[in-house]
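Here is what each chain is made of, one letter per residue.
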Amino acid sequence: MFSIETKKLTKTYGSLKAVDTLDLTVNEGELFSLLGVNGAGKTTVIKMLTCLSLPTSGEAFIKGINVINEPEKVKSIVGISPQETAVALNLTVRENLEFIAGIYGVADPKGKATKLIAMLRLEEKEQTRAAKLSGGQQRRLSIAMGLISQPEVLFLDEPTLGLDVLARRELWSILRALKGKITIILTTHYLEEAEALSDRIGVMSKGRLLAVGTPGELMTLTQKTNFEDAFVALASEERCQL
Amino acid sequence: MNKALIFAKRNAKEILRDPLSWIFCLGFPVAMLVMFRVISASSPGEADLFGLDSLAPGIAVFSFSFVMLYMAILTSKDKSTFFLIRLFSAPMTTFDFLLGYAIPGLVIAFAQVILCFAASAAIAVFSGQAFSIAGYLCGTIVLFPLSVLFIAMGIFFGTVFSEKAAPGMSSLIISLSGMLSGAWMPLETMKAFGTVCRFLPFYPTVRMGREAVSLWSGVYNSFLLDTATVLGYIVFACFIATLAFKSKMKKDK
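Residue numbers (our numbering), protein chains in the order written: chain A, 18 to 259; chain B, 3 to 255.
Bear in mind the hints are in silico, worked out from the structure with no lab data behind them.
It is possible that part of the hints are untrue.
Straight-line distance between alpha carbons at most 30 Å, and here's what the computed DSBU-like set of lysine-lysine pairs gives [as the list claims (entries may be wrong)]: (1) K34/A x K15/B; (2) K81/B x K193/B; (3) K132/A x K11/B; (4) K11/B x K25/A; (5) K90/A x K11/B; (6) K129/A x K11/B; (7) K166/B x K81/B; (8) K34/A x K252/B; (9) K149/A x K15/B.
In this text, all values refer to a predicted model and were calculated from it rather than measured experimentally.
Go ahead and model the full structure; you've got the sequences and the hints to work with.
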């Protein structure tokens, strides 16, 4: 069974096809990146898979559960760190984590929060209100909140957007530590990030999935020697199949 | 229910960690009570209108409108951030959200009624006036549930309007509530205007409180009609708040 499977998944807004007949499978424990220029449909895919947006047509399954027919079941096994920082600003770091743990009915919320605070290197800010954290710290907290429910599938929508190089590298090492343990879907504009972290990468443009493969496979497919050139070639060319 | 309580705890922290909420929700009603007593002491002819038994229920109802304001601010603020998007992707129902927002409002409203009547009792003792403990208890029991009307309105405004517009709409209702509730205006003597006010929610709410404080001794003799009017508005406000929030949850984010 795939961790994620979509069949002809489509989302239209009026005459605009935000996602166009997406057929995608993601394996268990895989870190899969969705790449594409602005408006490619990456975030819309995540919204449909996390039950935040209803597909216009097609089907999607998370761990075999239909996201359209059984959203409550899907919601209990997925975690999300949205594009914008999604934290309760007047709660402290610990309170934010324990709050989300409580909503998901996680056993031992205090222990789990302590573990994640250490893992995301937020010990010194544990009792600081989220409003007073730096952008990077808020991002880390947002990811920790996505993780505390112990999701089987974690969606990270541009988690390193706006972070400085050091904060980004810190997040990379955290994501590397999670690889293989849970399925992660990452959207990003940073090509080197996708190349460094992903098991496989999907390139989207105008709502369509143009190609899927490892960074090496995508470079071979486009006959380019670096990943950035491969991405540019893909994003501006016809649909490719691997 | 458990998720609603956890959400309510978070909401209570969000509201109470704003120092202004303490001033507006708890300090302001007491200050108004004291201020009107001072005015009353300076104008002996208006003693009936500003009598404590008449004033305390009016101020208590007026103070509910500040709970509405804070409900609207909290809901609209959450709506404008990705925090609510995160929660929409969590296994929470509309009931969990609405109850989670309403519970802190109910707690604050209860504190407001208690504080208004306690302050009124303290002023009565201090100025040597008579008051009925049973009347104040009945006033508390009757008025507290009516705060649901203001809480539902706050959630509705916060859901429907933007972060900037929702407090504005609430301020409008606060002003209307002050003028149309008869809290400090003798609406009984204002013929046509008073009649209109009888069919709006604010005046009947205050009258219900006043009747309870007088232990239904026949001040207005309109308790049943007022109850029906206010209950009608409560049901309507809860209905539109639920409808608005449900549609917000279903809408594409």
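Hints, verified against the model:
1. K34/A x K15/B: 42 Å, violated
2. K81/B x K193/B: Violated, at about 43 Å.
3. K132/A x K11/B: 23 Å, holds
4. K11/B x K25/A: Violated, at about 42 Å.
5. K90/A x K11/B: This hinted pair holds, its Cα atoms lying about 25 Å apart.
6. K129/A x K11/B: Holds, because 19 Å separates the two Cα atoms, which is no more than 30 Å.
7. K166/B x K81/B: Judged against 30 Å, a Cα distance of about 12 Å means the pair holds.
8. K34/A x K252/B: 20 Å, holds
9. K149/A x K15/B: 16 Å, holds
When each numbered hint is compared with the structure, violations occur for hints 1, 2, 4.
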